[in-house]
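K.L.:
Each chain, written out:
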Amino acid sequence: MERGTLLPGTLDLLILKAVSLGPLHGYAVLLRLQQITGGALAIEQGALYPALYRLEHQGLLEAKWGLSENNRRARFYTLTPAGRKRFREEAASWSTLVSVMAAALDTGKNEV
Amino acid sequence: MFARMRSFARSVFRRSVMERDMADELSFHVDARAAALEASGVPPEEARRRARVEFGATESYKDECREARGLRLLDDLRADLRYAVRTLARTPAFAAMAIVSLALGIGANTVVFSVVNALVLKPLPIEQPERVFFVQAGPGHPTTSFPNYRDLRDRSVSFDGLVGYRISPINLETGGAPVRTWGYLATGNYFDVLGVKPALGRFFHQADDVHAGEAPYAVLSFECWTGRFGGDRAVIGRTVRLNRTPFTIIGVAPQGFRGTEIFFRPDLWVPMMMEPQIEVGNPWLDNRNTGNTWMLGRLKPGISVGAAEGDLNAIAAQLGRDYPQINDGLRLKLSRPGLIGDTLGGPVRAFTIGILVLAGLVLLAACANLASVLAARGADRQRELAVRISIGASRGRIVRQLLTETLLLASVGGAAGCALAFVAARGLTAWHAPIDVPIQFDIPVDLRVLLFACATSAFAGVLFGLAPARQAAKTNPNGALKESDGPQAVGRGWPVRDVVVAVQVALCVVLVSACALSLRGLQQALTMSLGLDPQGVTIVGFDLGLAGYSKEAGAQFQRRVLDAVKQLPGVQSAAYSNSMPLSIDQSTNVIYPDDRPMLKASEVYTAHVYEVSPGFFQTLGIRREVGRDIDWHDGAGSPRVAVVNRAFAQKIMRTRDPLGRHFAWSWRVAEPTEIIGVVEDGKYESLTETAKPVVFEPILQRYNATTTVEVKSALPSEQVVAAVRQAIAALDPSLPLYQAGTVEQMLGFALFPSQAAAVALTAFGILALVLAATGIHGLVAYSVSRRKREIGIRIAIGASAGNVLRVVLGRIALLLGIGAAAGLLLAAAAGQLLSSIVYQASPRDPVVLGAVAATIVAVGALASWAPARRSLRTQPIEALRTE
Numbered sequence: 623m624e625r626g627t628l629l630p631g632t633l634d635l636l637i638l639k640a641v642s643l644g645p646l647h648g649y650a651v652l653l654r655l656q657q658i659t660g661g662a663l664a665i666e667q668g669a670l671y672p673a674l675y676r677l678e679h680q681g682l683l684e685a686k687w688g689l690s691e692n693n694r695r696a697r698f699y700t701l702t703p704a705g706r707k708r709f710r711e712e713a714a715s716w717s718t719l720v721s722v723m724a725a726a727l728d729t730g731k732n733e734v
Numbered sequence: 007m008f009a010r011m012r013s014f015a016r017s018v019f020r021r022s023v024m025e026r027d028m029a030d031e032l033s034f035h036v037d038a039r040a041a042a043l044e045a046s047g048v049p050p051e052e053a054r055r056r057a058r059v060e061f062g063a064t065e066s067y068k069d070e071c072r073e074a075r076g077l078r079l080l081d082d083l084r085a086d087l088r089y090a091v092r093t094l095a096r097t098p099a100f101a102a103m104a105i106v107s108l109a110l111g112i113g114a115n116t117v118v119f120s121v122v123n124a125l126v127l128k129p130l131p132i133e134q135p136e137r138v139f140f141v142q143a144g145p146g147h148p149t150t151s152f153p154n155y156r157d158l159r160d161r162s163v164s165f166d167g168l169v170g171y172r173i174s175p176i177n178l179e180t181g182g183a184p185v186r187t188w189g190y191l192a193t194g195n196y197f198d199v200l201g202v203k204p205a206l207g208r209f210f211h212q213a214d215d216v217h218a219g220e221a222p223y224a225v226l227s228f229e230c231w232t233g234r235f236g237g238d239r240a241v242i243g244r245t246v247r248l249n250r251t252p253f254t255i256i257g258v259a260p261q262g263f264r265g266t267e268i269f270f271r272p273d274l275w276v277p278m279m280m281e282p283q284i285e286v287g288n289p290w291l292d293n294r295n296t297g298n299t300w301m302l303g304r305l306k307p308g309i310s311v312g313a314a315e316g317d318l319n320a321i322a323a324q325l326g327r328d329y330p331q332i333n334d335g336l337r338l339k340l341s342r343p344g345l346i347g348d349t350l351g352g353p354v355r356a357f358t359i360g361i362l363v364l365a366g367l368v369l370l371a372a373c374a375n376l377a378s379v380l381a382a383r384g385a386d387r388q389r390e391l392a393v394r395i396s397i398g399a400s401r402g403r404i405v406r407q408l409l410t411e412t413l414l415l416a417s418v419g420g421a422a423g424c425a426l427a428f429v430a431a432r433g434l435t436a437w438h439a440p441i442d443v444p445i446q447f448d449i450p451v452d453l454r455v456l457l458f459a460c461a462t463s464a465f466a467g468v469l470f471g472l473a474p475a476r477q478a479a480k481t482n483p484n485g486a487l488k489e490s491d492g493p494q495a496v497g498r499g500w501p502v503r504d505v506v507v508a509v510q511v512a513l514c515v516v517l518v519s520a521c522a523l524s525l526r527g528l529q530q531a532l533t534m535s536l537g538l539d540p541q542g543v544t545i546v547g548f549d550l551g552l553a554g555y556s557k558e559a560g561a562q563f564q565r566r567v568l569d570a571v572k573q574l575p576g577v578q579s580a581a582y583s584n585s586m587p588l589s590i591d592q593s594t595n596v597i598y599p600d601d602r603p604m605l606k607a608s609e610v611y612t613a614h615v616y617e618v619s620p621g622f623f624q625t626l627g628i629r630r631e632v633g634r635d636i637d638w639h640d641g642a643g644s645p646r647v648a649v650v651n652r653a654f655a656q657k658i659m660r661t662r663d664p665l666g667r668h669f670a671w672s673w674r675v676a677e678p679t680e681i682i683g684v685v686e687d688g689k690y691e692s693l694t695e696t697a698k699p700v701v702f703e704p705i706l707q708r709y710n711a712t713t714t715v716e717v718k719s720a721l722p723s724e725q726v727v728a729a730v731r732q733a734i735a736a737l738d739p740s741l742p743l744y745q746a747g748t749v750e751q752m753l754g755f756a757l758f759p760s761q762a763a764a765v766a767l768t769a770f771g772i773l774a775l776v777l778a779a780t781g782i783h784g785l786v787a788y789s790v791s792r793r794k795r796e797i798g799i800r801i802a803i804g805a806s807a808g809n810v811l812r813v814v815l816g817r818i819a820l821l822l823g824i825g826a827a828a829g830l831l832l833a834a835a836a837g838q839l840l841s842s843i844v845y846q847a848s849p850r851d852p853v854v855l856g857a858v859a860a861t862i863v864a865v866g867a868l869a870s871w872a873p874a875r876r877s878l879r880t881q882p883i884e885a886l887r888t889e
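So the sequence lines, in the order shown, correspond to chains A and B. If you're matching positions, the first sequence starts at 623 in our numbering and goes up one per residue. If you're matching positions, the second sequence starts at 7 in our numbering and goes up one per residue.
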């Protein structure tokens, strides 16, 4: 499968999805993203951080210092209640968009 | 929203922590990635390198992270500020001019606003001040009688409490000689209705104030307690003598509570039932004829102003039916407390708001001035801006940077303006009325004033920064870089700065005319006929009632004082009376002329009344028109007689020659008074009034304990005052004197409003002239420097000095003409408003308007002189070489 470019706005949604599964530090978010997208998304790794900071600034994520698997100080992100709500809304509207787009593009010649 | 503010605040205030955390977090990522690569068999060095490459440009991501936290703006702001400070430091003359003119403009506005704040906006320091109202009987009639007050208080259902009160002079004796102070007589519910709590001791209450003479309690004001009693806590329970009667001090009012009149500084409060002891010889608590009581009420919750007025007027109508001669047509209304209802409130509000508008115009002129200079500078900076735009600065960013510069100027100017305002407000607060009037203002620079100054500064900064910023935003980098500074920039269309100069000249003309009109009005007020000649007349006042004299002893004492004063060297004539025209102490009475003896209260005539001794008219230079003067035979045993003024004869007696006719006072209908003489009309209460009917009665026939001695002398007033003091002290050493000074000083009180207006307007006028001069100078200097090359060429090909001047000044003269014409039109319109504030200010005084136009032309010529001369000295070679 070809490595797709990221649609605008999708990175934030994917991060919310990744973090919704449990508290993660930045590097783990990256790994989780690669895992859940099957490696289909390619972003420069550093680009993750401005997005994380933005989501934290908006109050959707909460960050706390903790210890990583190999006992190093790392910053762990969790979803705030507002973030959870936003995630559900965005996910729902994304699904709607996808199904509408799919239906539209599947329309055959004799269905018009 | 809240989360964002918290996150932003955390980032700003714990910036270093945030920076360190960010660095830690990013390096953790790279380390973790390197470790993962290493685990998959990549050599350590290579693993680190690949981890860094995969991560990307660390610093630029850090920047993006900062921006995500809203920090980018802050960093930009810091850079902009540094840049602005550097730019301004390069042109210190401009920076100084800008800051000074802004400081003056903002300072003037802040001072005026602090006065408006103190007099109009700031609520009284009482509980729920918005529910407390002054009750008055129509415009100009703030008082009612005490029996009327009692009926209104007992019958009305709209108030939680209705207070009756009055201010009164009180001689305070604490052991030594008595001191003349001022205080409130107030009903027992006063402090409870206002919701004020004592700083020390207790206040008097309703239950204390029931029977006349039974509540000899005094409450001190905080200033009186600290000033006259040294802040001694043992003062509670102490006995002092007020007007010779012993009173017990029961409490001290809190600091900042100065009663309910904002211009008044009372020393003490005394229960209303002690009125007969305080106003010795003039009891009026049971007299429905004497309207001496002010009323304040606190509305019950849920009662509207309209409902309360309806309630009061139903009672007033009943009082009118019960006492038609006194109360017929009585209508009551509520107004804001603090300025004796509309009596002072109306003019004070109109005046201060008028001045605030003028101050706003001055600030606009200052802004216009700066805008024009900045626009000129902006044109010079086009090339710099063009370079910055072409190397990638966004236009928004450049506009923001230019606005930072102007806002920096505005805030420095604003801070200086605040300092000016602070000094001025302290001066105004320290001001005392020059004579015996208990007037003192408290004008604080409080939070509201500071907020106003900040808002004004920000407004000014944006206002004068907007034009250059807009110009910068329109900069076309290609055009600006290609164009050389050439004559093509001048003379095409109407650039913003030209319009600004014209507007400024117009504003200046308005302000200078307002100033000139009010000065001329004041001058006319000073020279108009007062109906008396104040030249060389000195007055000294004392109150025998407060000093405990009986009627007989008082009358004798007055006569002895007059005899002693007449013996003093240099005295040409002397007299005494209870009061005199244009002093603050005026009384009026209801009159029935002999041909219409019984009239309802709504139809009656009232006249000012003075009780005077023989020699009064001669001493004050009041001309007698017909009849005879009052003499020493018009005493207690002889028929009641009086001298009236012309207005009385014409308006009340309806004749030019009323000699031998009679009139009666409403309080003494059985004993009519014969008119024996008529004197000229004068001014009695204010300089703007139309002629009012006045009666002068012999003081020998109607004793009054309040005494003013008038002395006409060729000697200087201070000498006369000292000699009179000595003469009175020889007769009674413990009698406190007040109001010692010249009649001209006393007139200062009547002239005070127009003097205040003239001072304020003169300051504004001068400020506006200075601003206009610098504005015009700046424009001419700028256009000369821009057109140096053109002028050089013109001179080189043989232009005469006249030609050159025409080129340089032609446009300026045009702008000046347009601005001045517009300004004169505006001034003529504004004069209408001004004539209501300043006495005798005619809105279309040709002399004044002509003088203003001439002044503006002179200022314009003066301001253009130096740069124009420079243009004449232009050396063609040098000018052509500059490119």
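Treat each hint with caution, since some may be false.
[Claimed, not checked] Each computed SDA-like pair below joins lysine to any residue, with the alpha-carbon atoms no more than 25 Å apart:
1. A/LYS707 with B/LEU878
2. A/LYS686 with A/LEU635
3. B/LYS794 with B/LEU878
4. A/LYS639 with B/LEU878
5. A/LYS686 with B/ARG21
6. B/LYS68 with A/PRO645
7. B/LYS68 with A/LYS707
8. B/LYS572 with B/ASN295
9. A/LYS639 with B/ARG21
10. A/LYS707 with B/PHE14
11. A/LYS686 with B/ALA15
12. B/LYS68 with A/TRP687
13. B/LYS68 with A/GLU666
14. B/LYS698 with B/VAL36
[Claimed, not checked] Partial chain A-side listing against chain B, Cβ under 8 Å, derived:
15. GLY688
16. SER715
17. TRP716
18. THR729
Don't read these hints as lab results, they were simulated from the structure. Remember, predicted model here, so these are calculated numbers, not experimental data. We treat Cβ as the ideally placed atom computed from N, Cα and C, and that holds for glycine.
K.L.:
Take a quick look at whether A/LYS707 and B/LEU878 sit within 25 Å of each other, Cα to Cα.
P.N.:
violated, 77 Å
K.L.:
Would the stated hint for A/TRP716 survive a check requiring a Cβ distance to chain B of less than 8 Å?
P.N.:
It is violated, given that the least Cβ distance between A/TRP716 and chain B is near 22 Å, above 8 Å.
K.L.:
Do the alpha carbons of A/LYS686 and B/ALA15 lie within 25 Å of each other, as the hint requires?
P.N.:
Status holds; Cα separation ~17 Å.
K.L.:
Is the hinted pair A/LYS707 and B/PHE14 satisfied, with a Cα-Cα distance of at most 25 Å?
P.N.:
Answer holds: A/LYS707 to B/PHE14 is near 22 Å, not above 25 Å.
K.L.:
Given the hinted pair B/LYS68 and A/GLU666, is their Cα-Cα distance within 25 Å?
P.N.:
holds, 14 Å
K.L.:
Given the hint that A/LYS639 pairs with B/LEU878, does the C-alpha gap stay at or below 25 Å?
P.N.:
violated, 78 Å
K.L.:
Does B/VAL36 lie within 25 Å of B/LYS698 when you go C-alpha to C-alpha?
P.N.:
violated, 96 Å
K.L.:
Measure nothing beyond the straight line between the CA atoms of A/LYS686 and A/LEU635; if it is 25 Å or shorter, mark the hint as holding.
P.N.:
Since the Cα atoms of A/LYS686 and A/LEU635 sit roughly 21 Å apart, the hinted pair holds (cutoff 25 Å).
K.L.:
Does the CB of A/SER715 sit less than 8 Å away from some CB of chain B?
P.N.:
Nearest chain B Cβ about 22 Å off; hint violated.
K.L.:
Next pair to validate is A/LYS639 with B/ARG21; report whether the Cα-Cα distance is within 25 Å.
P.N.:
Given pair A/LYS639, B/ARG21 is violated - Cα atoms ~30 Å apart, limit 25 Å.
K.L.:
Verify the proposed pairing of B/LYS68 with A/LYS707, using a straight-line Cα cut of 25 Å.
P.N.:
violated, 28 Å
K.L.:
Please work out if B/LYS68 and A/PRO645 have their alpha carbons no farther apart than 25 Å.
P.N.:
Holds, at about 23 Å.
The structure does not agree with the numbered hints 1, 4, 7, 8, 9, 14, 15, 16, 17, 18 stated previously, though it agrees with the rest.
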